[in-house]
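Whole structure, please, built from the sequences with the hints as guidance.
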Amino acid sequence: MSQSFSTWKKEGTSYHLVPTDKFKTTTILVTFSAPLEAKTLTSRAILPYIMEKSTAAYPSMKALREPLETLYDAGLYADASKFGEEHVISFQLDVVRGELVHHPSLLKEALELLEQMVLYPDLTEGGFREQFVKQEKRLHALRISSLYDDKMRYAQQRLLELMAPGEAVALPSLGTLEELEQITPSSLRDTYRSMIEDDRIDVFVVGHVTKEEMEDALSFLPSHSEKISHYIPAQKAVNGVKRSSETQPIKQGKLHLGYRVAVDPTSADSIRMQIVNGLFGGFPHSKLFMNVREKESLAYYAASRYAALNSALYVYAGVDTKEAERAEKIILEQLVDLKAGQFTDEELTQTKAMLINARRQILDQPGQLIGWLNGSKMRGLTLEDEIHIIETATREDVVRLAAAIDLDAVYLLRGEA
Amino acid sequence: MMEQLTYHDTDETVYHEQLDNGLSVYLLQKKGYEKTYATFTTRYGSIDQRFKKGEEWITVPDGIAHFLEHKMFESEKGDVFQEFGRLGASANAFTSFSRTAYLFSATSLIEQNLETLIDFVQDPYFTPESVEKEKGIITQEIQMYQDNPGWRLFFGLIESMYASHPVRIDIAGTPESINQITADDLYTCYRTFYHPSNMVLFVVGNIDPEETLALIKANQAKKDYTDRPAIERDYGQEPHGVHRPRFELELDVKTPKVLIGYKDESLRGEAQVRRELTSELLLHLLFDQTSSTYLELYEDGLIDDTFSFDYSSEEEFAFATFGMETEDPDKFIQAYETLLQTRPDFTEDEVTRKRNMMQGKFLRALNSPEFIANQFSRHALAGTNLFTLPTLIASITKEEIEARFDELFAIENRAISIVKPYE
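For the record, the sequence lines run as chains V and Y. Residue numbering for the first sequence follows the working numbering, starting at 827 and increasing by one per position. Residue numbering for the second sequence follows the working numbering, starting at -4 and increasing by one per position.
Because the hints were derived from the structure by calculation, they are not lab data. Don't take every hint at face value.
Below, simulated SDA-like cross-link-like pairs (lysine to any residue); rule was C-alpha separation at most 25 Å, straight line [said to hold, decoys possible]:
1) K415(Y) with Q961(V)
2) K865(V) with A1060(V)
3) K356(Y) with S931(V)
4) K1178(V) with T1218(V)
5) K25(Y) with D847(V)
6) K25(Y) with Q1194(V)
7) K415(Y) with D976(V)
8) K356(Y) with L0(Y)
The calculated label-pair distances, taken between Cβ atoms and stated as ranges, are [said to hold, decoys possible]:
9) D1024(V) with Q329(Y): 45 to 51 Å
10) Q1008(V) with L262(Y): 53 to 59 Å
11) E1217(V) with E71(Y): 42 to 48 Å
12) P339(Y) with T833(V): 48 to 54 Å
13) S1012(V) with T1(Y): 45 to 51 Å
14) E935(V) with D401(Y): 32 to 38 Å
15) K393(Y) with E951(V): 35 to 41 Å
16) E951(V) with D340(Y): 42 to 48 Å
17) T169(Y) with E935(V): 51 to 57 Å
18) L262(Y) with P998(V): 45 to 51 Å
19) D1163(V) with G27(Y): 41 to 47 Å
20) L945(V) with T392(Y): 39 to 45 Å
21) N201(Y) with L945(V): 37 to 43 Å
Where chain V lies over chain Y, by a calculated footprint (3+ residues, C-beta under 8 Å) [stated by the list, open to error]:
22) 28 to 37
23) 50 to 59
24) 89 to 102
25) 370 to 384
Glycine is no exception: its CB is placed at the ideal position from the N, C-alpha and C atoms.
In structure tokens:
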């Protein structure tokens, strides 16, 4: 692994660059981050859907998308997401390298469109265009209610609400129907202005470009005083296990467990915790997969995921509702065994090898590289550092960290079809 | 002798050799990549449930190709996943209508991982006990899909378009059909479809093609494969037109979903690749956000971000689909019926723009070793070549696209599937 990265600040914006010529594309991500709050969430969640559809100079989808198609399917999209206790609006551009299609100015022309989208939205009517806002509100309502149709996501959202009722991390990422009702063309304009004026800006670039080219290309971004980031949620102690269940006319039950993890997400231990998660339910050789699926044939999937930023670990399994109790018992036993050090050296070695493999593969995908840069900026570790931490972790580390995992909530979506 | 094929418009080189036992090996070197990704694919999928065993035609239970895929991961020594795990690789497999693929991705110990992949796929081991145990797991997998509105919508459409072709059977089968599967059935299917002459091995990554080929050859030389007659498969006689024009299903959803399909005739070889690309260009011209109709439909709430379209084609079947989530499926259906009655006038500029777009899409996809291996194997098993796509796209004319419109959108080939909330 010899990939170099560089990170620097200019006019309040943090730049992260991965110069490489191994991809057919150049990928640029610009993110605007603000505190995650119930009162602004819905407005910020719908804003990117409107901004990616037109701009002042390209006042319709057709006008905006035509040049992107001509530029060899240049991808230019806006998106919104939660990141710990921050809300992030992002604009992504990815474009084929000009020399592959004999069009040397390709990137420059595509960047021009990115600038238009970020800086010059269609505010000719004072606010955003009423007709677009109306359409997008209707669509956004559809998106919010569609969450119900995806049972795995629905169950996970319910679990989050059970774990942290009323807290920022449990807010639904698309917002709520009640807040959506209140949105107007001019309230959206205010949300947009606040994004430009108040948000912290980060820029990520993966491709065959230099630092100077990049700064020059993105010089249109607003300059800021330096902003402090505050996305890491405070840790919570467990106070008794919370339980909730619901019944819907579906075939398969969804069992979701939420654990609190008393580990600082910026520490090296948060990297080692991935090993604990891997042994528990992260891989096909993990305790959950081997016992819930392979040994007892109770589920097709039974897995765990460590969300370092939220200091939480989630377990999810799709099971026959009649077997949910037995599945839960087996899941709980697996963690007890892990805490007691009941895992083989081979399992440990295997888990480390898989985690290292996954880290190296990050370098082969522009999107994953950007995701890693963003997720790891709080630790200030390189990929090599992370690999070294995993390689040198011991059995004692695993037992010590497994002890920091506490069951907080159990949610069951019962099937009755 | 290894054949070397360089594609200048993609900046990629593929090495190919067909081994003595019939196995086709393809190697692609991706300089600078950390990962090596390998797929070992057989031309055997869920549609192959009736075939000749010796002199006799036999029919096997629905879902058996997928069941076999699950069971291949068991070897006499234990679980193959664990073996890959020890080598730091992640392994997986998938079964489609017409293929089963086994794969791994790894950043170290590539040679051992590659041998593990080849050896486990070439060494079946099933016991009646392990076959029984798998039934519980696969039943849960089937139930998970039964709760997935998108999957039910899609299969509701396929079942409506096809009267007898086995594409209408769910890839995983049903809890009842998989319950009939025995270890003997699995061996029968294995012996019929996993001969090297029915398979393609694709390796992409930072590999040395010469050394990798030598390793594969040495591995195959150790195994006894005798020549075997061609596989005879029976997909029945699918009548013209659709089986039923409309299908509705109530599920636990909030928003109705509608999917419209046009059953197409499937050609062979490069002619079908051309037909597939022409159809995709046509669908883009009709339904992209830049189409002349999009804005109009958008304003009426008849097209939005949940709208999607696709053209699927395999050797034995082909169809176009489009649909979206909508409060009023019938209004949607009616609007599209009207829209597709008369062919819009496409301009040369539009067509050029779409060709550019498809070229760019293809080049972007080449960032992904997974895309390259999976799609290249699909083409290789159909006797075509993935890397001819840029040239083909460039050669498709406006007239061809217009002719495709007239061919594809015949009302007798249209079926509709709707998933809606319980009354």
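Evaluated hints:
Straight-line distance between C-alpha atoms of K415(Y) and Q961(V) comes to about 22 Å, which keeps the hinted pair within the 25 Å bound. Under the criterion of a C-alpha separation no larger than 25 Å, the hint pairing K865(V) with A1060(V) is consistent with the structure, at around 20 Å. At most 25 Å may separate the alpha-carbon atoms for a hinted pair to count; K356(Y) and S931(V) meet this at roughly 18 Å. Proximity of K1178(V) to T1218(V) is assessed by CA-CA distance (about 9 Å); at most 25 Å being required, the pair is judged to hold.
Of the pairs offered as hints, the one joining K25(Y) and D847(V) holds, with about 12 Å between alpha carbons and a cut-off of 25 Å not exceeded. Using a Cα cut-off of 25 Å, the hinted pair K25(Y) and Q1194(V) holds, with the two alpha carbons roughly 18 Å apart. A threshold of 25 Å between alpha carbons decides the hint, and for K415(Y) with D976(V) the separation of about 14 Å falls inside it, so the pair holds. Among the hinted pairs, K356(Y) with L0(Y) is consistent with the structure: their alpha-carbon atoms are about 22 Å apart, no more than 25 Å.
Hint check: D1024(V) to Q329(Y), Cβ distance near 47 Å, so the stated range 45 to 51 Å holds. Separated by about 55 Å at the C-beta atoms, Q1008(V) and L262(Y) satisfy the suggested range of 53 to 59 Å. One distance hint, 42 to 48 Å for the beta-carbon pair E1217(V) and E71(Y), is violated here, with the actual separation near 32 Å. In this structure, P339(Y) and T833(V) meet the distance hint of 48 to 54 Å, their C-beta atoms being roughly 50 Å apart.
Against the hinted window of 45 to 51 Å, the Cβ-Cβ separation of S1012(V) and T1(Y) comes to about 58 Å, which falls outside the hint. At about 36 Å, the CB distance of E935(V) to D401(Y) agrees with the hint of 32 to 38 Å. Distance hint check: the CB atoms of K393(Y) and E951(V) are about 38 Å apart, consistent with the given range 35 to 41 Å. At roughly 33 Å, the beta carbons of E951(V) and D340(Y) sit outside the given window of 42 to 48 Å.
For T169(Y) paired with E935(V), a C-beta distance near 53 Å keeps the hint of 51 to 57 Å intact. Between L262(Y) and P998(V) the C-beta distance comes to about 48 Å, which sits within the given range of 45 to 51 Å. Distance hint check: the CB atoms of D1163(V) and G27(Y) are about 42 Å apart, consistent with the given range 41 to 47 Å. Distance hint check for L945(V) and T392(Y): the Cβ-Cβ separation is about 40 Å, which falls inside the suggested range of 39 to 45 Å.
Separated by about 41 Å at the C-beta atoms, N201(Y) and L945(V) satisfy the suggested range of 37 to 43 Å. By the rule of at least three residues with a Cβ nearer than 8 Å to a Cβ of chain V, the coverage given for the region 28 to 37 of chain Y holds, with 3 such residues. Residues of the region 50 to 59 of chain Y with a Cβ under 8 Å from some Cβ of chain V number 0, which does not satisfy the need for three, so the listed coverage is violated. Judged by the Cβ-Cβ criterion of 8 Å, the region 89 to 102 of chain Y is covered by chain V as claimed, because 3 of its residues qualify and three suffice.
For the region 370 to 384 of chain Y, the assignment as covered by chain V is violated, since 0 residues bring a beta-carbon within under 8 Å of that chain's beta-carbons and 3 are needed.
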